[in-house]
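Asks: Residue numbers (the working numbering), protein chains in the order written: chain A, 1 to 343; chain B, 1 to 276.
Treat the hints as calculated values from the structure; they're not laboratory data.
Treat the hints loosely; a few may be bogus.
To be verified - Simulated crosslink set (DSS-like; lysine-lysine; CA at most 30 Å straight-line):
| id | chain 1 | residue 1 | chain 2 | residue 2 |
| --- | --- | --- | --- | --- |
| 1 | A | Lys-135 | B | Lys-138 |
| 2 | B | Lys-138 | A | Lys-123 |
| 3 | A | Lys-287 | A | Lys-135 |
| 4 | A | Lys-134 | B | Lys-41 |
| 5 | A | Lys-66 | B | Lys-138 |
| 6 | B | Lys-138 | A | Lys-287 |
| 7 | A | Lys-66 | A | Lys-134 |
| 8 | A | Lys-135 | B | Lys-44 |
Keep in mind it's a predicted model, so treat the numbers as computed, not measured.
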Amino acid sequence: MSEAPCHIPRDLVAAGAWKRGNAIRQSLSLMKGEINMTPATTRANARIETRFNDSTVPARAGAGLKAEHVDAILQDDYHIGFLEVHAENYMGDGGAPHRALSAIRQNFPLCVHGVGLSIGSEKALNKVHLDRLKKVVERYEPGLVSEHLAWSTHDNSYYNDLLPVPYDQPTLDRVCDHIDQVQEVLGRKILLENPSTYLQFDHSTMSETDFIAQIARRSGCGLLLDINNVFVSATNQDYRPLTYLSEFPLEKVEEIHLAGHATDTDDDGRPLLIDAHDRPVDDAVWKLYDIVIGQMGPVPTLIEWDNDVPDWPVLRREAMRADEILERRAGNYMLGSRHAAVC
Amino acid sequence: MRRSAEISTPGKIAPLGDFTNALVDPDLPTPRGVMGPGGAKADKRFNVYRNNVTVGLVNALVDIFPAVHRLVGDAFFRQMARVYVQAERPGSPLLFEYGGTFPQFLESFAPAKHLFYLADVARLEREWLDAFHAADSKVLEAQDLGAVNPEDLPHARFIRHPAAHVLRSSFAVVSIFSANRSGQSLSHIDPDAAEDGLVSRPHHDVEVRQLPQGAAVFLAMLMDGETLGQAASQAASVAEDFDLATAISGMLEAGVFAGISINTNSKRETIHDQSN
């Protein structure tokens with residue numbers, strides 16, 4: 001072993017050893033500034049001692065969590081009902097994303113929304129990915145966990161989009177098996193979200209609502225009703241959104257999503273709506289939401305805004321609009337229930 | 001019903017397989033069996049998915065490689081990224097892990113050949129993001145080192161912090177990266193000046209430093225588990241003016257290591273490890 005010139009000076013910390021001018025401190029798009037929270041070194045202990053208080057997601061408006069909003073949300077007098085995250089964004093080992101979400105989770109109820117499990121996949125689910133989801137769920141104890149009726153992975157390639165499934169018996173059987181597997185591994189019920197679709201398969205043998213109702217009945221999963229998706233798909237597939245909603249098993253719905261969509265046209269010049277999540281919720285979607293809440297009563301409602309993300313106050317304004325409808329309908333709903341009970 | 005049974009028969013092309021091939025290859029036709037309402041043509045409808053997939057993955061590359069994006073400009077980057085996306089999809093739904101082979105792709109991408117330093121800038125950006133998501137860990141402090149008996153120091157070995165990486169380049173990779181990420185001009189940079197870079201996350205944020213001569217060899221050896229004595233002597237042999245005291249305080253400040261272990265004869269003492 002070579003032990004040659006190793007004279008170590010006693011004064012080990014001469015400041016600025018490697019030129020500061022060359023150092024870059026940067027937090028990219030994630031997290032600006034410091035967040036007051038439990039240091040990483042004590043987190044493991046803290047997790048055991050202090051379980052999160054807010055494990056139930058209230059029937060209020062929530063927002064999709066964006067890193068750039070974390071500080072504003074924590075400092076805002078308006079205490080939003082809950083926050084929702086894409087599970088995949090918190091599947092890294094450590095660093096700023098986990099720091100931010102831990103701070104949020106200590107103050108708010110949380111929903112975890114998976115976008116990468118590929119439940120509609122033709123092949124088996126990715127067990128490694130399912131274990132990652134389990135870790136996120138165990139770490140942050142969300143009130144609700146949801147995934148999509150879609151696929152995104154095929155032959156080990158991830159396509160980063162929610163791709164459509166045919167509504168036929170083999171697909172139904174497969175999706176039910178996959179949901180069984182997910183619920184077994186997570187040890188809890190998940191919610192399945194209705195998709196926004198741009199086309200249909202000629203070998204589909206049942207309607208989307210029938211397909212989803214059968215999944216919920218067989219697997220025991222709950223449903224996440226995305227009303228923007230209903231509006232987008234209904235427009236694209238040429239049916240009435242209210243017809244869809246009248247056929248949808250609303251009694252299984254435990255969460256609602258609202259988002260903005262873009263407008264295009266198809267090959268024949270018919271409207272083709274795109275589930276863009278890049279703008280405010282459309283008035284037509286707000287109207288449908290009002291009707292749905294009137295019918296089923298208040299339910300946790302998420303505003304999704306994933307592209308061209310605005311400053312927090314703009315997103316908050318959308319959430320407050322949902323809160324207003326929830327409050328108004330909550331009053332009516334209680335009166336209605338009492339009335340029904342009296343009769 | 002009959003049709004679906006037919007499609008699930010082994011040997012037939014699975015509809016989703018058809019779908020995926022056409023998703024990333026604009027020269028392929030719209031897959032069989034998809035349509036608009038009432039059997040309407042679905043080319044533009046299918047193109048929505050094509051667009052979502054390609055633009056989504058191209059945007060992911062823009063996010064992962066912002067300096068490369070700035071260096072070549074938006075239009076060029078997007079054209080180039082489309083070629084990459086067609087050849088290489090993410091292997092997992094964790095998009096922040098995408099682009100591991102992008103640097104090699106850049107080396108072979110003829111239209112960008114004149115930007116000979118581009119691949120190394122991409123390597124540094126990929127390492128930056130790995131460091132960003134790396135596991136949380138304690139950082140070796142000066143007092144941890146101070147607690148070691150001076151006679152044992154030459155035998156000390158170090159435990160790499162999960163976020164720490166050394167990148168050696170024949171080009172001015174750190175200067176180019178830094179100027180791009182902070183929006184500064186590149187005009188004063190000589191791209192041919194070789195630079196070694198250090199990526200680390202000593203506290204909360206990822207930091208990138210340019211290493212003085214000898215330091216890359218010194219750190220790389222320590223990261224490989226060689227002793228302080230071996231690393232110091234190797235560094236001194238490649239860089240005449242290698243200064244050990246500066247190197248040690250530099251590595252402490254940058255948080256390159258998470259712990260230290262002393263192994264004298266068979267006695268092994270771990271002062272500090274990665275657990276948290």
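Asks: Please list, smallest to largest, the hint numbers that this structure does not respect.
Replies: Checked against the structure, the hints that fail are numbers 2, 3, 4, 6 and 8, while the rest are satisfied.
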